[in-house]
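There are 2 protein chains.
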Amino acid sequence: MRYFMTFSYDGTEYKGYQKQPNQRTIQEEIEKCLKKINNNKEVDLYASGRTDAHVHALNQKAHFNLDSIIDSTNIKKALNSMLPRDIYVKQVEQVDDEFHARFNVTGKEYIYKINMGEYDPIEKDYVYQYNKRLDVVEIERALKYIEGYHNFKAFTKASEEQSNYERNIVQATLIRNYKDVNKITISLVGTGFLRYMVRNIVGTLIEIGEGKRKSEDIITILESQDRKQAGKTASPVGLYLKDVFY
Amino acid sequence: MRYFMTFSYDGTEYKGYQKQPNQRTIQEEIEKCLKKINNNKEVDLYASGRTDAHVHALNQKAHFNLDSIIDSTNIKKALNSMLPRDIYVKQVEQVDDEFHARFNVTGKEYIYKINMGEYDPIEKDYVYQYNKRLDVVEIERALKYIEGYHNFKAFTKASEEQSNYERNIVQATLIRNYKDVNKITISLVGTGFLRYMVRNIVGTLIEIGEGKRKSEDIITILESQDRKQAGKTASPVGLYLKDVFY
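If you read the sequences in order, they're chains E and U.
Under numbering that gives the first Met the number 0, the first residue of the first sequence is numbered 0, with each subsequent residue one higher.
Under numbering that gives the first Met the number 0, the first residue of the second sequence is numbered 0, with each subsequent residue one higher.
The hints are simulated quantities; they were obtained by calculation from the structure and are not laboratory data.
Don't take every hint at face value.
In this list, chains with the same sequence are indistinguishable; a pair is considered to hold if it fits within one copy or across any two.
Straight-line C-alpha distance at most 27 Å; calculated BS3-like pairs for lysine-lysine [what the hints assert, rightly or not]:
hint : residue 1 : residue 2
1    : Lys112    : Lys182
2    : Lys14     : Lys112
3    : Lys112    : Lys89
4    : Lys112    : Lys123
5    : Lys89     : Lys213
6    : Lys211    : Lys143
7    : Lys123    : Lys35
8    : Lys211    : Lys76
9    : Lys227    : Lys14
10   : Lys89     : Lys131
11   : Lys156    : Lys31
12   : Lys34     : Lys76
13   : Lys213    : Lys227
14   : Lys31     : Lys123
15   : Lys227    : Lys35
16   : Lys14     : Lys156
Modelling step: build the complete structure from the supplied sequences, incorporating the hints.
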C-alpha cells in the first residue's frame, strides 16, 4: 500500500534531507520509524526533493509503501510518537500506486527570511541576519527579471551536471513585514529548482540590495550561464521549503 | 566604572541565568567575556534577577564594573564578537556607581507563548505546545483575579522561604494573535515576581482553560497561601523575560 505524507522539520541539527553514511539526515530518521511500523522491514521514503543541510521545511511531501494497510491517522500518530521533536508529520493519506512524490511534482515554493535589524538570538537558526539596510526596491526590481522561463545554469552548483537547466519561476516576490520594516521574506514559486538555485539567487539579490550590482544584472547573469557571474551562495539559515504542488 | 547593559538570550542550551558549578549558564558566559575586556581580571555581572533553565530573555538587564573607562559602543561590539550566538548584547551605557540592576528594579514583564494548534518543529524551544483548545475567555477572567496586590505564596516554589510574599501584578493580559486563533500569549507585568511564580500562574491558567478549574478559583488559591492549591508548574519553554523597568 502506498502512502503520501506532508511533514515539517527544523533542519538545524541535520545534514540535509537525503540519507548519507554517518550523517544525521531527515530521511534516515523517518525511515527508521517507518521500519518499526512495517514489521521491521526496511521502508524507502521518496520525498519531493532534497533540502540542504540546516534548511527547514514547512510542508515537505513524500511517499512510501507499507506491506499492510494501516489507518492513515494511526500512521501519523505512530510516527509523531517516535520521531525526534524537530520533525513533525502533519498528514498521511493513502494514494494510488502510480503516484510518485518526486516525479509528480508540478511546483514548489521556497521562502528565505532576512533580518536587517537588530540581531535576535531566538531566531539564530531561522532567519538570516544581515546587519545593514538593503535596497528593498532594487531587490524587487531584480525579482521581476528572475520571473519567467529561463536557463538557470548560472545559479546552480558549478559542478552539477544536468541535462536541462531551464526552469520556470512562476512568481518571485519580496514580502514585507508590516510590523517590522527590517524583516523581509523572499518567495520563489517555480515548476522546479536546480541544486543551490534558491540560495544562489538570494546571494545575488543581497549583492543587488547592497548596491554592488544592479537589478538588470540578472539578465546578463542568466544569459552567461556561468556560475561565476552570479553572487555568493546565501547561508542555509533563513531558507524554508514552504510548499510542494502536485 | 559602572556599566549597565540590555541583553537578549535564547535560554534553550542553558541551565538558567545564574552561575552554578559545572553548568552552562548565561551569567558565566558573559562574565568570561567581560574578564577579557577587563585585563583578565574577574568581573561580576549583576542582573535584574535570574531566569530558570531554558527560559529566554528579550531584554534582560545587568550592571558590572570595569577597572578602566571603555567606550560603551566598543564594549557592546567586543562582547558580541566573543559571546556565543545565543546571547546578544543590545545596549551598553555608563551609569552612576549608585545604580544597581537588581535593587533598582521597579517592575518586570514576562510573557508566555502557547500554541493550541498544529505543532510546529521550528518553534519547539520557543512556544509551549498545548494540543487542545483552551477556553481563552475563562483564562482572561482568571487574569483579572491575578491583577492587583496579593500574597502570591500559593504560586511560588513550595520550599522557597521568603520574608514577604506580597507582590503587585499591575497588568495581567491575554494577547490574541490576529493571524492565528490558536496562538495566545499571556503577559504579566508586576513590581516583582517570586521564584516559579509566572510558571505556576500559567500552569493554573491552563487548568482553568481546560475546564478543570473555574476562574474564581484564583481567589481561593491566593487566600490559601498553599502551593498545593495551585496548578502544575508550566514548562519553561514558552516563557520570556520581556522587559525590566527602572
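Hints versus structure:
When the C-alpha separation of lysine 112 and lysine 182 is checked against a cutoff of 27 Å, the pair qualifies both within a copy, at 7 Å, and between copies, at 21 Å. For the identical chains of this complex, lysine 14 and lysine 112 are intra-copy neighbours only, at 20 Å inside a copy versus 30 Å across copies, given an alpha-carbon limit of 27 Å. When the C-alpha separation of lysine 112 and lysine 89 is checked against a cutoff of 27 Å, the pair qualifies both within a copy, at 23 Å, and between copies, at 21 Å. For the identical chains of this complex, lysine 112 and lysine 123 are neighbours both inside a copy (11 Å) and across copies (18 Å), given an alpha-carbon limit of 27 Å.
When the C-alpha separation of lysine 89 and lysine 213 is checked against a cutoff of 27 Å, the pair qualifies neither within a copy, at 41 Å, nor between copies, at 33 Å. For the identical chains of this complex, lysine 211 and lysine 143 are intra-copy neighbours only, at 18 Å inside a copy versus 55 Å across copies, given an alpha-carbon limit of 27 Å. Within a single copy, lysine 123 and lysine 35 get their C-alpha atoms only as close as 34 Å, which misses the 27 Å cut-off; across copies the closest is 25 Å, which meets it. Only between protomers do lysine 211 and lysine 76 lie at most 27 Å apart by alpha-carbon distance; the minimum there is 26 Å, versus 50 Å within a single protomer.
With identical chains, the CA atoms of lysine 227 and lysine 14 are at most 27 Å apart within one copy only, with a shortest distance of 26 Å there and 46 Å across copies. Taking the shortest alpha-carbon separations for lysine 89 and lysine 131, only the inter-copy value of 16 Å comes in at or below 27 Å, while the best intra-copy value is 37 Å. Taking the shortest alpha-carbon separations for lysine 156 and lysine 31, neither the intra-copy value of 30 Å nor the inter-copy value of 41 Å comes in at or below 27 Å. Only within a single protomer do lysine 34 and lysine 76 lie at most 27 Å apart by alpha-carbon distance; the minimum there is 15 Å, versus 50 Å between protomers.
In this homomeric assembly, lysine 213 and lysine 227 come within 27 Å of each other (Cα to Cα) only inside a single copy, at 16 Å, whereas the closest approach across copies is 66 Å. In this homomeric assembly, lysine 31 and lysine 123 come within 27 Å of each other (Cα to Cα) only across copies, at 22 Å, whereas the closest approach inside a single copy is 29 Å. Proximity of lysine 227 to lysine 35 under the C-alpha cut-off of 27 Å is found in neither arrangement, the shortest distances being 46 Å within a copy and 42 Å between copies. Only within a single protomer do lysine 14 and lysine 156 lie at most 27 Å apart by alpha-carbon distance; the minimum there is 17 Å, versus 42 Å between protomers.
Checked against the numbered hints given earlier, the structure breaks hints 5, 11, 15 and satisfies all the rest.
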